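**Q** What follows is each chain in one-letter form.
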Amino acid sequence: MIDIASSPSLDDNPNCADWFDLSYEGKVTLRTAKVEIGQGILTALVQIAADEMDIHPDRFEVLSGHTRLGPLEAQTASSLSLEVTGRAIRLAASALRHLLASEAATLLQAVPDDVAFVDGTVHVGGRETPLTSWTLAQTVDLNVPVMAHTAPKAMTERCVVGTSLPRQDLPAKAVTAAFIQDLSLDGMMHGRVLQPPSLSARITHFDGEAMESRFPNVQIVQNGSFLGVIAAREDVAIRAIAAADQCTTWDAGATVAADLVEAIGTTEAAEEVVLHKADSPNDSGAAIDPTIGATLSMQTRRTYIAHASIAPSCAVATWRDGELEVYSHTQAPHGLRDALGIVFGIDPVKHITVIHTPGAGTYGHSGQDDVALDAALLARTVPGSPVRVLWSRADDFAAAPLGAAMVVCAQATLDANGRMAAFSIVSNSQPHARRPGQDGAAGMTAAERLEPPFAAHCCDDVPLVRGGGAERNATPLYAIPNIRVAKRIVKDLPVRTSAFRGLGAPANVFTLEALMDDAAAYAGVDPIAYRLDHLEDERAKAVIERAAAMAGWPGRESDDEALGVGFAQYKNRSAYSAVIVRVRLDETIRVTHAWAAVDAGEIINPDGLHNQVEGGIIQATSLTLKEAVTFDGDRITTHGWSDYPILKFSEVPQIAVELIDQSHLPPLGAGETSVAPTVAAIGNAVCRALGARICTLPITRDAIVAAIG
Amino acid sequence: MTGAIEFEVNGNAVSVAVAPTTPLLYVLRNDLGLRGTRHGCGEGDCGACTVLLDGRPITACNTQVEAAAGHQVETIEALGETQPPHPLVDAVLAEQAGQCGYCLPGILMRAKALLAQGGAPSREQIAAALDDHLCRCGAHNRIIQAIATAASGGGA
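Residue numbers (numbering that gives the first Met the number 0), protein chains in the order written: chain A, 0 to 708; chain B, 0 to 155.
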């Protein structure tokens, strides 16, 4: 099947030359704004291009996330990189190959169809010629529209895609200085910034004289309630910022509800109905007569989650002659560039360059952009000198955006046969994506502390058309005649929330899959059979059936062990995952095993997909059993790893993953696919082992004691 | 600031003129240019900065440089920048035992110390040895498998 639908990434970058450069003999530069965050995307994109161009993957170099030299694309998020950029790369690589083949045919007086490329060397009729992709590229105009020349290969002709090409970036990351945190530029200074005790706190007094006498060689930078230090040595900068903290008095900040999650649950924010499907126009799901069957309801809550990257946020900024250059591990290089333009009042396209440099995994919008503004503000005071800012572990917990707390209420009405006749869900939440530059707001914390301050960022949540934020995966894929999905977005709490892996999906799938299990129990039907009975999508059925077979469902039941299942198609449009876990309850709550079946359409790199699915299961297990950010008022009281335990090596489950090959179908994003089903599966397994439903995340021993007394 | 502090790093004698209380991590990374050792939490809680001091794993972020004076320090560069690389490095790459990869240098140093004890550690023993190390991406099982492979003399 020839795939010639365009890609949104081609809208701003329509030409072959926007994506590829063959100026250097034997090398191909592939350009993209998508960035490597540990998911293996750059290797996968090379595989796609290598196939279309018939050039060995080793010859590719990727220029990723460079705002001056690379294409303008949306941020790396929502499992969209393969679906959107992968398609653009395939189309562009194909067009390039056809342009070069046409030129070769002209030069060699051959028919284009007889021209073949073998690792970049032109062959005609099976015989090698002196022409190469690189010699041809010297004369062929590549500034021509991709869509006018593209004709991607048939799936059966691809030979690099579908193989487990090892990650091209991993060798360096395993043993060398490969990260933004390791970047060392000539003349680089070390900066540190004082993070406020809460989002709204402002400096009332700073004893600058005391600081200057203690640290005569340290430069102190203050602008409003933004306070930082610059030193030649990193260890001196760390000591100086600790001293600055002692020299600073902050006001009390805002007064907030004692229980923030409770405030989200009881918000009076307007309800926004995002989807309403009824089997007749007059029939709103809730109006179904409950006497014909039963009405089951559920309220769940999830606390705030930290991105909790192993490395705190970091950036290096340099000002030279009014031009700003920033090295950053942002997921949105262009968004960061534009947001910095807002703060500094300069044309970002002309005067600011953001260069992506990998950081440790962040799984969403961490302090990656905030720290870039910190570095740029400090660097502005020492023109010509690069300034590196690395947040402390405590800063990263306290100042970075959090994954939103949520309270989800769902209701299912069963008909007389126990089938789900209506399903209604309302997800209360803070917004799930507040990236810099969004809605024209600076959106970085330091901007709000400057004098005069930039307005705090308060935008709407992600709309359903982009996969939804609070309502992500709130719509069941199950065939239910009446479905109503709504959300209430809480905008008035002084807690900064933004994208964390899956956005609202983990809380929503946890809720609706719990309700499916409860409905199955009410109907007296096995939970797997109940789900299959409510599904029309064959791909959904297939992953559930496969996972059940892998796990030996329903498995042996015992007093303290049980299996549980969770299923979702991420965003109801990306990859399908069914996950079954075995939970053991004794002194602790342990997930001992996990089995996952995944359908991600065409698989570009099987081992890479496998790795993402495994990682999602382990991270979701950690979220479900352990993770919670704690507050005192609006002050975050999570400071270090001892306050925020994550799953340890000795606690990880044994995991089996099977990938369902659908190489005739388009690839579906899979970076987040296993997370929400795993959360749901653990919830259901705990319920079966305990005989009681735990509706609060994380599911800790304390939560169980509180629930069952 | 006092006199020079002398010790050995990866078999080479080094001398640094820094305050004796300076964390070893900053000396390795900034004074000696050995930036393969990661800065993680800076509080000794995540294991990312693990190096070997006389063969024993320590967290360099909360170890003062004076503790290394007269001793031998071994960093990830001793495993990764040799030819051929250490079997542990080969095994990690063969298993694709990482996602972001940030935790790997510290884990590899811990694994080197574990393997130096001899024998073929079980999965449980390897996991227990790694419990002072945090991995946030979820590459745990692959990392354990890679260490088991290297311990059994396998590898790429």
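A portion of the hints provided could be inaccurate.
Incomplete in silico selection of chain A near chain B, CB under 7 angstroms [said to hold, decoys possible]:
#, residue
1, I309
2, T636
3, W640
4, K647
Restraint ranges, calculated between C-beta atoms of paired labels, are given here [claimed, not checked]:
#, chain 1, residue 1, chain 2, residue 2, range
5, A, H55, B, G117, 38 to 44 angstroms
6, B, H70, A, E208, 37 to 43 angstroms
7, A, V704, B, G54, 40 to 46 angstroms
8, B, G32, A, D558, 57 to 63 angstroms
9, A, R583, B, A115, 32 to 38 angstroms
10, B, P83, A, Q137, 49 to 55 angstroms
11, A, R201, B, T81, 21 to 27 angstroms
A short list of chain B residues far from chain A (calculated; beta carbon distances all over 12 angstroms) [unchecked claim]:
#, residue
12, E5
13, N11
14, T21
15, N29
16, G32
17, L52
18, D53
19, G54
20, P56
21, A66
22, G69
23, A77
24, Q95
25, A112
26, Q116
27, G117
Treat the hints as calculated values from the structure; they're not laboratory data. Since this is a predicted model, take the numbers as computed values, not measurements. We put the CB at the ideal spot given by N, CA and C, even for glycine.
**Q** Indicate, hint by hint, whether the structure satisfies it.
**A** Status of the hints after comparison with the structure:
1. At its closest, the beta carbon of A:I309 sits 5 angstroms from a beta carbon of chain B; the interface hint therefore holds under the 7 angstroms criterion.
2. Taking 7 angstroms as the C-beta cut-off, the interface hint given for A:T636 is violated, the closest approach to chain B being about 16 angstroms.
3. Interface restraint check: A:W640 against chain B, minimum CB-CB distance 4 angstroms, threshold 7 angstroms, status holds.
4. Against a cut-off of 7 angstroms between C-beta atoms, the interface hint on A:K647 holds, since the closest Cβ of chain B lies about 5 angstroms away.
5. Our hint of 38 to 44 angstroms for A:H55 and B:G117 holds, since their Cβ atoms are close to 42 angstroms apart.
6. Hint check: B:H70 to A:E208, Cβ distance near 42 angstroms, so the stated range 37 to 43 angstroms holds.
7. Under the hint 40 to 46 angstroms, the C-beta atoms of A:V704 and B:G54, about 45 angstroms apart, fit the expected range.
8. Between B:G32 and A:D558 the Cβ separation comes to about 58 angstroms, which falls inside the hinted range of 57 to 63 angstroms.
9. Distance hint check: the CB atoms of A:R583 and B:A115 are about 34 angstroms apart, consistent with the given range 32 to 38 angstroms.
10. Evaluation of the 49 to 55 angstroms hint for B:P83 and A:Q137 yields a failure: the beta carbon distance comes to about 39 angstroms.
11. In this structure, A:R201 and B:T81 break the distance hint of 21 to 27 angstroms, their C-beta atoms being roughly 53 angstroms apart.
12. The Cβ of B:E5 lies farther than 12 angstroms from every Cβ of chain A, with a closest approach of about 19 angstroms, so its non-interface assignment holds.
13. The claim that B:N11 is not at the interface with chain A holds, since no C-beta of that chain comes within 12 angstroms of its own (minimum 18 angstroms).
14. Here B:T21 does not stay apart from chain A, with its beta-carbon only about 5 angstroms from theirs, under the 12 angstroms limit.
15. With a least beta-carbon separation of about 6 angstroms from chain A, B:N29 fails to lie farther than 12 angstroms from that chain, contradicting its non-interface assignment.
16. Taking the minimum C-beta to C-beta distance to chain A, about 8 angstroms, the non-interface status of B:G32 is violated against the 12 angstroms cut.
17. Listed as outside the interface, B:L52 is consistent with that label: its C-beta sits roughly 19 angstroms from the nearest C-beta of chain A, beyond the 12 angstroms cut-off.
18. No beta-carbon of chain A comes within 12 angstroms of the beta-carbon of B:D53; the shortest separation is about 22 angstroms.
19. Under the 12 angstroms C-beta cut-off, the non-interface status given to B:G54 relative to chain A holds; the minimum distance is some 19 angstroms.
20. Every CB of chain A is more than 12 angstroms from the CB of B:P56 (nearest about 14 angstroms), matching its label as outside the interface.
21. The Cβ of B:A66 lies farther than 12 angstroms from every Cβ of chain A, with a closest approach of about 15 angstroms, so its non-interface assignment holds.
22. Consistency note on B:G69: stated as away from chain A, and its beta-carbon is indeed over 12 angstroms from all of that chain's, at 21 angstroms minimum.
23. Look at B:A77: its CB is around 10 angstroms from the nearest CB on chain A, not clear of 12 angstroms, so calling it non-interface is violated.
24. Listed as outside the interface, B:Q95 is inconsistent with that label: its C-beta sits roughly 6 angstroms from the nearest C-beta of chain A, within the 12 angstroms cut-off.
25. Every C-beta of chain A lies more than 12 angstroms from that of B:A112, the closest at about 15 angstroms, which supports listing it as non-interface.
26. Consistency note on B:Q116: stated as away from chain A, and its beta-carbon is indeed over 12 angstroms from all of that chain's, at 17 angstroms minimum.
27. Every beta carbon of chain A lies more than 12 angstroms from that of B:G117, the smallest distance being close to 21 angstroms; the non-interface claim holds.
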